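Protein sequence lines correspond, in order, to chains A and B.
The opening residue of the first sequence carries number -4 in the numbering used here; numbering runs sequentially from there.
The opening residue of the second sequence carries number 46 in the numbering used here; numbering runs sequentially from there.
Accuracy of the hints is not assured; some may be wrong.
Quick partial rundown of chain A residues pointing at chain B, CB under 7 Å, derived from the structure [as the list claims (entries may be wrong)]:
#	residue
1	L7
2	L11
3	A12
4	D73
5	P79
6	A83
7	T156
8	N160
9	N178
10	Q183
Some chain A residues judged to face chain B by a derived CB distance under 10 Å, without partners named [as the list claims (entries may be wrong)]:
#	residue
11	D60
12	G74
13	D75
14	A80
15	A84
16	R86
17	R88
18	G125
19	E127
20	R130
21	S134
22	L137
23	L141
24	F182
25	R184
No lab work stands behind these hints, which were simulated from the structure alone.
Being a predicted model, the structure only gives us computed values, none of them experimental.
Each residue gets a CB set at the ideal place from its N, CA and C atoms; glycine is no exception.
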Amino acid sequence: MIRLALPKGRNLSPALAALRAAGLGLAGYEESGRSLRMALPEDGVEMLSLKDWDLPLYVEHGVADCGIVGSDVLDEIDGDLLVPARLAAGRCRFALIGRSRELPPAGSQVRLATKYPLTARRLVEGRPWGAEIVRLSGSVELAPALCLAELALDLVQTGRTLADNGLVEIEAVAEVAPCLVVNRASFQRHRGRINAWLDRMEAAGAVA
Amino acid sequence: MKVSTALPTGVAALFFESARFRRRLEGRLAALVESRGYEEAILPILDYLEPYEALLTPASRGELYRFIDRDGEQLALRADFTPMLARLLAPRLHSLQLPLRLFYRGDVVRYEESRPGSRRELYQMGVELLGMEGPAAGESAVRGESAECGEPAEGGEAEPGEPAEPGEPAQDAEREVLALFLEALAGGGGPRQVVLGLAGCLDSALLTAAGGTSPGDLAAAVARRERSVVRRACGVLLPIVETGLPERPEDLGPAAAARLRWLLAMRDELALRFPAVRLSVDLAEFARFSRHPDLAAEAGARTYYDGLVFRAYAGAAGVPVGGGGRYGSLFRALGADIDAVGFSLNLDGMLEAGEEGEGEFEAAEGAAGEGAAGETQAGAFLPKRLPERSTAGGEEGPEGRSPEAPR
């Protein structure tokens, strides 16, 4: 039995599609409602339902053998996880967001609001302007809209939330994809099945 | 006055049963290694920083607890036993009778990011076999081919019966230490698996790869098993990412092929001797253990290994409980031209894994094949870590652990 951690939120749908492409039936999973764990004996897996930011910890410690989580989260943690595949669906981008399309002038110092302080720090290191990183836990778009910060770094998929709040995407910084992550020890134990899943996902074009 | 019982992050105090378990395990392991001729070395926990400066990578430097003593000396708390042993013994080896078989036990202190389960103080026990000049007592060199790997490579390789790089005595030392490591693990309560590799054996493939990925980035991609990156950059490495082994040993070059055949033969033999330990060869697991200076610098990991490397997982734990390998280059960097092989075990990790992983092994799952290319058939066992899975949402599982309570 492989214990598989699935994310709540935007990555759940692409994760389920990829697992179906891998050959899992997932019968009854979507009807399981608020269950946090659910055995699917026909697929030989037990599913855990976790928040994105908690999921890597469960996998790294071997509580879950593998899981699917966004690369935005992986880039923020100092974990030792295998990342054998990035899913083709569910991709979005990190973008610098502001009230106008102008980047700060060289030599200036701005406030940059984000849920991703490490990614933001790496971004700012290569820029001619400096930034104080303002860490927020949600509704990051409000920060530039209400002048808590000049800029924000956040995920953008369609850009609709930005438009609704009078903001613009100044620059797309990096692509973000849901990733299959695997615990090192679990890979040794379940290598055959995990490789078979990956082969089927690749054949179906579910990973890129 | 209210007295706090809090301790700094990453350290623990053991009382009663916990303390007894630790001492019992320590006693068992010490008795084992002493019975194999290893003598104890007791080392200080405080040392100068300066002698190790050249050996430190950015990652290992970041782990050190260092400070200025009152007399102005830069000191560091012990983060690793091996470099200290090497520094203290290297200048004296010419006057000592070799080989030396030593063991140590004690705390190492390393800064780790604060997160559940991470420890900053680890209690270790380890052994070092230094300066092996002849075959170890009762051991003979393992040479030959593995059935999985076909014919021997052509050209550039020693004939059968001749010493292959790095020399039979060194191979005997690697084998003796690995066997002792397996014996130490096999005596525990829970399922154990040990992954074997060879430092530097992917260097040639990494350095000649195409596709615009730097060798260091590619090594990291192999270690993370990122299939698409590896497929684009170097097709030869793809089977290693998937199964742990190349399609043919020769794909890695003649010297690495010879070493890989030797490793596979040794794995097959030791798997028969230690059936309780699942033994596999997986070169991707150690892709960042490079011998090439540029690659090693990029990898940023502990890089003193230069031959056999191995790592043990125990119970349901997803983190290693021990590891080791050959590291003659460490002694050579300190002025002593000898080979050295050793291992260390994390006793608290072993205890945690033993408590959780008590019991059984079960046969490998299904034909889809947990028995992939890198695994020995003789040792193809799986830990029976979760005897029953609950279907009820949020309810505590049979192992007494809810999904909201990571170890």
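List of violated hint numbers, smallest to largest: When the structure is compared with the hints, numbers 1, 2, 3, 6, 7, 8, 15, 16, 17, 18, 19, 20, 21, 22 and 23 turn out to be violated.
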